[in-house]
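Chemist: Using the hints, position chain B against chain Y.
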Amino acid sequence: MNEITLNIKFFGGFRKFGEGVSFAVPMGSTIAAIKGVLLEKLNGEALVLDSVLANDSEILRDDDILNSDASLSILPPVCGG
Amino acid sequence: MSATIHASLTSDKINIQNAYDFVADDAHGAIDVFVGTVRNLHEGQNVLGITYDAHEGLAKNVFTQICLEAQSRWQGAKIYLSHYNGELDIGGISIIIAVSSAHRANSFEACRYIIEEIKKRAPVWKQEHYENGCSEWLPGHSLNEANSE
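So the protein lines, in turn, are chains Y and B. Numbered by my numbering, the letters in the first sequence go through residues 58 to 138 in order. Numbered by my numbering, the letters in the second sequence go through residues 5 to 153 in order.
Mixed in with the good hints, there may be bad ones.
Covered by chain Y, according to a simulated footprint, are these stretches of chain B (three or more residues, beta-carbon under 8 Å) [to be verified]:
id: 1; region: 12 to 25
id: 2; region: 52 to 65
id: 3; region: 113 to 124
id: 4; region: 139 to 148
Listed below are several chain Y residues computed to face chain B (Cβ distance under 7 Å; list not exhaustive) [as the list claims (entries may be wrong)]:
id: 5; residue: G70
id: 6; residue: D107
id: 7; residue: S130
Read the hints as simulated data drawn from the structure, not as lab findings. Since we're looking at a predicted model, the values are computed, not measured. Don't be surprised by glycine CBs; every beta carbon is placed ideally from N, CA and C.
Only chain Y is shown next, with the shape it has when bound in the complex:
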């Protein structure tokens, strides 16, 4: 099965895990599936469940599909201002 490599950058409450994480998933994985892998990589960190994945221009929906390597960010609940 072909795989793609994801680099996921951390912000806010995820900073405790470092700057980010990289891992491979099957080509054609959904964002929901990728969040599931991230949840495992971060030892069940509950913050993942309330967070979204985004690329540099937009937030990705759970049913979006990735077919190529990507640099993403995991965005926890926001509290600007």
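Modeler: Using the frame of chain Y, we list chain B on its own:
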């Protein structure tokens, strides 16, 4: 034609006069300015300062989008928005929003709209630092909700 929106994320000290000067307009009889600052108490704990974190590219996009929405609702408004990114001591300015319009109601309402939307939608986070040596990332609004609306 001069710009009617300034939306930025900055690590420089926020300057109130810059915001005022940007929105000042001979045709506008009202300027409303909101300044967010770091306070020294949160839920009973003495706060020493806050570290702001932001996704720079997305934050700028969201800031601009919110300002465009405000201009669509309150037409003719000129808007200056600048949000700080980095460490701030007590009293430091974390955000400034200035809105000018022909009459005061539009300025007040647009300014309120912008700060409330930023709190719900902008990818910005804050970590409070307490007198007892602990630090904590504050809870907030999940973008899951914003993305499904």
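Chemist: Now, for every hint given, state plainly whether the structure supports it.
Modeler: Cross-check of the supplied hints:
1. For the region 12 to 25 of chain B, the stated coverage by chain Y is violated: 0 residues have a C-beta nearer than 8 Å to a C-beta of that chain, whereas at least 3 were required.
2. Chain Y is given as covering the region 52 to 65 of chain B, and this holds because 8 residues of the stretch bring a CB closer than 8 Å to a CB of that chain, at least three being needed.
3. Three residues within the 8 Å Cβ limit are the bar, and the region 113 to 124 of chain B against chain Y gives 4, so the coverage statement holds.
4. Chain Y is given as covering the region 139 to 148 of chain B, and this holds because 8 residues of the stretch bring a CB closer than 8 Å to a CB of that chain, at least three being needed.
5. With a cut of 7 Å, the hint placing G70(Y) at the interface with chain B holds, because the nearest CB-to-CB distance is about 4 Å.
6. For the restraint placing D107(Y) at the interface with chain B, the shortest Cβ-Cβ distance is roughly 4 Å, inside the 7 Å limit, so the hint holds.
7. Hint status for S130(Y) relative to chain B: holds, with the closest Cβ pair at about 6 Å, below 7 Å.
In summary, the one numbered hint that this structure violates is 1.
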